[in-house]
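Protein chains in written order, with our numbering: chain A, 1 to 173; chain B, 1 to 606.
Simulated from the structure, these hints should not be mistaken for lab results. Backbone N, C-alpha and C fix where the C-beta goes; we use that ideal spot for every residue, glycine too. Among the clues, some could well be false.
Derived DSS-like pairs: lysine-lysine, alpha-carbon spacing no greater than 25 angstroms straight-line [stated by the list, open to error]: (1) K275(B) - K84(A); (2) K275(B) - K113(A); (3) K122(A) - K171(B); (4) K122(A) - K275(B); (5) K24(A) - K72(A); (6) K10(A) - K171(B); (7) K254(B) - K118(A); (8) K275(B) - K118(A).
Derived DEER-like restraints, expressed as beta-carbon distance ranges [what the hints assert, rightly or not]: (9) D29(A) - S256(B): 40 to 50 angstroms; (10) E226(B) - A116(A): 49 to 59 angstroms; (11) N37(A) - D266(B): 18 to 28 angstroms; (12) P19(A) - H321(B): 33 to 43 angstroms; (13) E326(B) - Q132(A): 46 to 56 angstroms; (14) N89(A) - F263(B): 53 to 63 angstroms; (15) N89(A) - E226(B): 33 to 43 angstroms; (16) D327(B) - N89(A): 56 to 66 angstroms; (17) P335(B) - P20(A): 34 to 44 angstroms; (18) D311(B) - D45(A): 53 to 63 angstroms; (19) D103(A) - E176(B): 55 to 65 angstroms; (20) K104(A) - D311(B): 25 to 35 angstroms.
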Amino acid sequence: MASSQKRITKELAEVTSDPPVGIKVSLVDESNVHNWNVILDGPPDSPYAVCLLSHTSSSLANSKLIQGGKFKLLLVLPTEYPFKPPVINFKTRVYHPNITFDDKGSMCIGILKAEAWKPSSKILSVLTATQQLLSEPVPDDALESAIAEKFKSDRKDFNAEAKKYTKQYATGK
Amino acid sequence: MFQPQPTPYSPFSSYGAVPEFHIFQQSQSGRSGLAVDSGGPTIVQNPIFTTAANGNPSSNIAPALNFSNNTSTSTSTSRFEMAENNFDDLERQEELARSFQPNLQGSLVGEKRSSHAITEAYAKADPVYVAKTAALPQKYSHYRPVLGDGNCGWRATGFAYFETLLRLQDKAQLEEEIARMTSLNNLIARVGGFDAWMFEDMVEETVSLLRDMADSIETSPQTAEEILMQRFNESDISNNIVYHLRLLASSFLKSSPSSYQDFIPDNLGVEAYSKEWIEPPNQEIDHLGMTLLIDVLLKPIGFAVEIVYLDRSEGSQVNSHLMQPEDENGVPTNPSGPIIHLLYRPSHYDILYKDMDSSMPLQQALHDATLNPNIQVNRATSFSQQHAIQSTSMNDFTNLDLTSLLNIPGFQCAPPSHHGFPAQFHSPIEQPYAPSPISTSISPVSPGASSNGTSSNTNLSLSTNFSLQQSSALTSPAVNISHSSHAPFPPQNMQIPIHPGVPQQQISPHPGPPSIPTHPSISSQHSDLPSPTSANSPFRPSKWEWGARVTEQEGPVVFQTSTFKNSHYNTAHYNNPNFQPEEWSPECEEASNGHAGGGGGRKRST
């Protein structure tokens with residue numbers, strides 16, 4: 001087995017045996033460790049979580065009724081992994097400054113930039129960083145400048161839009 | 001006549017794109033694919049910066065070495081055709097720049113080859129490079145190209161480490177290295193702070209290569225060598241080994257920050273330096289990285305490293321720097337230990353070899369020659385062969401396709417190596433060919449030559465031409481320009497080496513020795529005569545073409561013939577160690593074309 005596969009297998013075992021909160025990983029094809037399906041829950045404190053009941057009465061109930069949007073991601077590990085970074089695309093549309101609002105769902109995140117990537121970075125840290133990005137958009141490093149503008153100028157409207165699209169696309173239906 | 005080209009990145013400016021350019025060079029571009037000019041650069045099939053065996057040179061240039069675009073006088077007809085198609089120069093460059101992608105398809109670590117290829121590749125570069133590369137093959141017979149993918153320095157050093165272990169043929173030492181590499185895991189984990197899960201696979205590749213080499217080193221060194229080449233060219237394995245080296249260097253830096261922190265650029269500090277310069281997988285090695293790698297990998301086992309810097313710094317010789325294991329007083333602890341030679345060109349490392357004992361097997365040489373028919377083999381044949389020359393009749397040559405001579409390496413590139421030309425360059429070749437009629441006949445045109453240099457025989461034997469030139473140079477006291485009393489700039493009454501009027505067939509079949517044109521004064525003395533050679537002949541004029549008059553002109557040699565101007569014996573030639581550029585302006589050239597004997601000892605200027 002090539003070393004890159006060895007390494008990926010190790011990381012896959014780690015992620016599946018002890019999955020971090022809100023991240024589910026499975027292989028697209030069991031025979032190929034290079035392509036991962038990832039389901040990312042929208043962080044509860046972000047507009048990427050949706051309130052399933054429109055009327056929430058108590059704050060106690062709140063935590064159970066609010067559910068993260070389910071965002072599907074495709075994570076592809078190049079054959080040169082870990083010497084080249086993984087590539088992540090959102091399969092679910094996301095209204096987010098750093099994720100292209102299209103079919104591709106390309107994401108801009110520091111850890112995955114080729115010049116910043118280090119073999120000591122793990123896939124797990126990439127996934128948690130992605131989760132983090134949903135909570136904290138980086139409008140200055142935006143892929144969707146209109147969304148970034150809105151994020152900066154009118155946070156309320158941004159949150160509403162993000163929620164709307166989360167409901168529309170990411171409720172797991 | 002060569003002009004130092006001020007703009008390095010203008011591959012075609014000296015060719016078809018500039019119509020008013022020197023007529024000689026026009027004739028160059030006219031013969032697409034054939035590099036001419038007896039003293040000039042020769043054919044380089046593969047630009048040395050890439051290891052792609054059959055790559056298209058124009059797309060093969062490593063990023064940091066773009067100027068090579070200019071230097072490789074490739075035979076690739078496509079390039080010349082493009083030039084002839086009057087591609088706008090700038091447009092073309094822009095297009096090249098836009099579509100530029102480093103072609104990294106060659107092997108990660110290439111086969112060993114003659115370092116003359118480096119000379120050839122730089123033959124039209126900046127004069128500093130030209131002088132330095134011309135002198136290079138005298139010291140370092142071979143080099144091994146390493147792919148410029150951002151890991152070349154690491155990979156070159158790593159490969160050389162393994163290769164040197166192989167050369168020592170010491171199984172016990174290989175075993176020791178296995179133990180040492182394994183024990184260094186502690187350093188990586190504890191001091192370096194890297195997780196074992198991350199590096200253990202990498203170390204495994206290093207150790208398993210050492211193990212496999214140890215297993216076969218005694219029974220079959222050849223196999224061990226093949227294993228090494230194969231592993232280093234398999235990117236997965238190779239990158240793992242290289243990254244292991246990076247981790248070693250990073251950990252070693254962290255283990256003794258005080259020794260190195262003063263050398264860390266930009267006051268980054270140890271951690272940040274490691275993150276920014278060592279850990280990113282395609283980050284080129286910098287000087288500190290190289291020092292660290294040598295200190296952790298090579299010095300402990302007594303290996304020294306000599307880095308040969310081929311850059312634009314002053315001087316006609318490459319600078320080199322030896323890093324060897326020393327005690328605290330700076331005394332080398334293992335002065336007779338193995339030395340690894342690395343060739344550094346800005347942002348790139350290759351491996352150099354001093355195979356003075358001609359350890360490159362004949363088979364290998366022949367193989368190279370077949371693979372790359374344009375390889376240049378400069379034979380320093382014994383001077384006694386001049387007798388053979390004298391008996392050669394020029395008749396034999398008159399009905400040959402003489403244009404094929406343009407492909408003869410010896411015609412084009414004669415590195416100024418006539419002093420102390422190392423014997424190993426010819427020995428592998430000379431042996432098999434000496435008895436053959438081709439090489440003994442000294443004929444500059446062997447029958448095979450008409451095949452345009454596709455046969456290795458042709459090229460090998462034809463390069464005797466160079467040696468002839470050489471021997472004559474040695475017999476002529478004035479040839480050594482550096483000691484000549486003449487001004488560094490030859491009198492500027494130069495004739496273009498075009499002598500229209502007389503067809504080739506009229507070249508008199510003189511029974512005398514086919515002359516090496518040691519008669520630079522010819523054109524000044526006889527410039528009013530019709531020149532005997534045909535207009536587009538690339539040949540230097542032979543004194544026999546001038547008849548008996550010339551024989552009387554045995555006076556002091558001044559460098560006036562185009563042949564000499566174009567040879568490296570001329571200080572104005574970029575291959576000359578004492579290179580002094582000549583200024584050139586097209587108007588002057590044209591203006592004085594018709595005037596014979598003009599100019600004094602200085603370059604012409606209006």
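For this session: Quickly compare the C-alpha distance for K10(A) and K171(B) to 25 angstroms and report which way the hint goes.
Result: 34 angstroms, violated
Problem set entry | Holds or violated: K275(B) to K84(A), with C-alpha atoms at most 25 angstroms apart | 15 angstroms, holds
Exercise. Within 25 angstroms, alpha carbon to alpha carbon, are K122(A) and K275(B)?
Worked result: Given pair K122(A), K275(B) holds - Cα atoms ~15 angstroms apart, limit 25 angstroms.
For this session: Take the C-alpha atoms of K122(A) and K171(B), compute the straight-line distance between them, and say whether it is at most 25 angstroms.
Result: Violated, at about 38 angstroms.
Exercise. Is the straight-line distance between the alpha-carbon of K24(A) and that of K72(A) 25 angstroms or less?
Worked result: Holds: K24(A) and K72(A) sit about 10 angstroms apart, inside 25 angstroms.
For this session: With 53 to 63 angstroms as the target window, see if D311(B) and D45(A) comply at their CB atoms.
Result: At 56 angstroms between Cβs, range holds.
For this session: Could you say whether the range 46 to 56 angstroms given as a hint is met by the Cβ separation of E326(B) and Q132(A)?
Result: About 49 angstroms separates the Cβ atoms of E326(B) and Q132(A), which means 46 to 56 angstroms holds.
Exercise. So does E226(B) sit 49 to 59 angstroms from A116(A), Cβ to Cβ?
Worked result: 38 angstroms, violated
Exercise. Has the given pair, K275(B) with K113(A), been kept, meaning a C-alpha gap of at most 25 angstroms?
Worked result: Holds. K275(B) to K113(A) sits at ~14 angstroms (cutoff 25 angstroms).
Exercise. Would the pair K254(B) and K118(A) pass a check requiring their Cα atoms to be no farther apart than 25 angstroms?
Worked result: 18 angstroms, holds
Problem set entry | Pairwise beta carbon distance, N89(A) to F263(B), judged against the given window 53 to 63 angstroms | Violated, since N89(A) and F263(B) (Cβ atoms, about 42 angstroms apart) do not stay within the stated range.
For this session: May I ask you to test the hint 56 to 66 angstroms on the CB atoms belonging to D327(B) and N89(A)?
Result: Once the Cβ atoms are compared, 57 angstroms apart, the range 56 to 66 angstroms for N89(A) and D327(B) holds.
Violated hints, listed in ascending order, are 3, 6, 10, 11, 12, 14, 17, 20; each of the other numbered hints is respected by the structure.
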